[in-house]
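Q: If you want the building blocks of each chain, they are given just below.
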Amino acid sequence: MSGAVPSAGRLAAIAVNTFREAVRQRFFVIVSLATVSFGLAAWWLRDCGVVACREKFLLDAGFGALAFFGAIVAIVATAGSFFGEIERRTVLAVLSRPVRRKEFVLGKLGGILGLLFVFCGMGTALLVGLLWCSRTLPEEQLPGAMLAGERVSLPAVALCGLVQWLRCSVLAALALAVSAYSRSSLLAVVASFAALVVCSLRSFAWDAFASAGHGLAGGAARVLGACVPDFDLYEVADAVANGGAVSPGYLSGIALYSTIYVGMFAAIAACFFWHREL
Amino acid sequence: MILLVNAVEFDGVAKVFRPGLFETPAPALTEVDLGIPEGEIVGLLGPNGSGKTTLLKIILGLLVPTTGICRVFGRPSNSAEGRPDVGYLPEAPEFYAFLTGTELVRFFAGLSGLAGSTQEDRVRTAIGRVGMESAADRRIGTYSRGMKERIGLAQALVAEPKLVILDEPTANLDPEGAMKFASVIRDIHARGGTVLLSTHQLDQIEYLCTWVVLLSRGRVVSSGPVEEFIQRCSEPALVVESLDEAHRSDLRCWLAARGALLRVARSNRLERAYCAATDCAAPEEGRSH
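Protein chains in written order, with my numbering: chain A, 521 to 798; chain B, 24 to 312.
Isolated chain A, as found in the complex:
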């Protein structure tokens, strides 16, 4: 039965190739530069009068950029990589080898997760660096009111970056499932962004349906709701900005939650791709 088990070598080859392709795309370079620019702009504006706490401002701006540009990278890089293989017809050459379709899908996902790890890691490292630099400035250079505010924990910021990566991973797996079904990359990108909106508003919908009672409609809504990840669960930046920490319990819980959804969307993508005529 070893034939049914994906080969680690083939998965790794496809993942590495996907990563190398995606990381060299002009799109990725531009989005990365935009993220860095956003972080540097926040650094430049850190002492403006409308914010009470420079660290909170830096964190909000940094993680806001990471979440926004991370979502763009997750969706566009996934759809672009998948449809690039189809348009170039390289998928035909790859699948004419002893490569199963699920190995192709999982390899693609692996490469994109690697790309997102680099992207989130780079953004988080920049943010940690800016926070560290802001603490090295001489105190007399700062307006008194802006010195106030609790110091955020730098390890907590790093863990917050990890949580952002988990969120982007779920989104990338979702975009891959959409791409495996969709006939065009544009449709896949648009549908994935629509799904991102649904995931971001999922907690509101969940509350609304909970108040609808336990009837058939309420039950159906709960089942459907369970299929959609709740992106509100990934919002820890606020707590960290207010001096909170990322607890190991939360981290392991959100990692498990993300793994379940990534696995579910990868399985759906593999199923769609299995039935797709190339």
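No lab work stands behind these hints, which were simulated from the structure alone. One thing to keep in mind: the hints can contain errors.
Looking from chain A toward chain B, a few residues come up when the C-beta cut is under 10 Å (computed) [claimed, not checked]:
id, residue
1, I534
2, Q545
3, K576
4, R609
5, R617
6, V619
7, R722
Per label pair, the in silico range of CB-to-CB distance [claimed, not checked]:
id, chain 1, residue 1, chain 2, residue 2, range
8, B, F40, A, C791, 15 to 23 Å
9, A, V556, B, F45, 31 to 39 Å
10, B, T165, A, D727, 55 to 63 Å
11, B, E156, A, G529, 22 to 30 Å
12, B, T165, A, N762, 15 to 23 Å
13, B, M202, A, C791, 53 to 61 Å
14, B, G35, A, G529, 50 to 58 Å
15, A, I606, B, H223, 20 to 28 Å
Even glycine gets a Cβ: it sits at the ideal position worked out from N, Cα and C.
On the provided structure of chain A, position chain B as indicated by the hints.
A: Chain B alone, transformed into the frame defined by chain A:
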């Protein structure tokens, strides 16, 4: 008695595409029973839309037949187990522009399960066979179309497969490149490999292939050795090498009075046999009686 072992077998294969819920299903292949013998250079012929690409994709497991079964070396074509023995060069390949030629061939070698020094040896050998040593370390994005075809052939050959499938391989090659391609194909044949070549270049099939499969409207019209096909499908003909326009008209009238056929003389015998078998029209004259 010579026993032919088939590299590929089609058993009652039909393929119907269903483009949409309310659209009419489009049959691409109808009841194909076909054996492609091992160790032959097989030319796959047929007009556009005859089902050649569908046939190739079914062999590669990229399409699942609507009915029937296709076996490659005795194993169902849609199982990955049979595919280490198959190499494929798609039509007009693009490949990954950011990889060098060597990296591309190494990537496909890895997918075929090759590793370590064996992989490196095979990669070097495959690149050498297609004459791409000097450009192997350049990015594919800088390659010409012909070079892409050649590096594509190298990736198809890197695992030394028993069956090599080439889809329109020489469409973008200059004469020198086409000759190099032909010598590689003959080399595969000499080593006992099977080559399945889909092309519209009839002269190429006539001088290169040993076996021909002719498809028309999703059906196999003919399958057999090239010489046999030419003999079977050719009609008695008087070939006039050149004739000016005034005399051509006279000849048409003379032939028509005797119920005979006038067709513009074609350059090779296979082309005439192909036209007779597929009932295709001559480009200039058409058919007249």
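Q: Are any of the numbered hints broken by this structure? If so, which, sorted upward?
A: Numbers 3, 7, 9, 12, 13, 14, in rising order.
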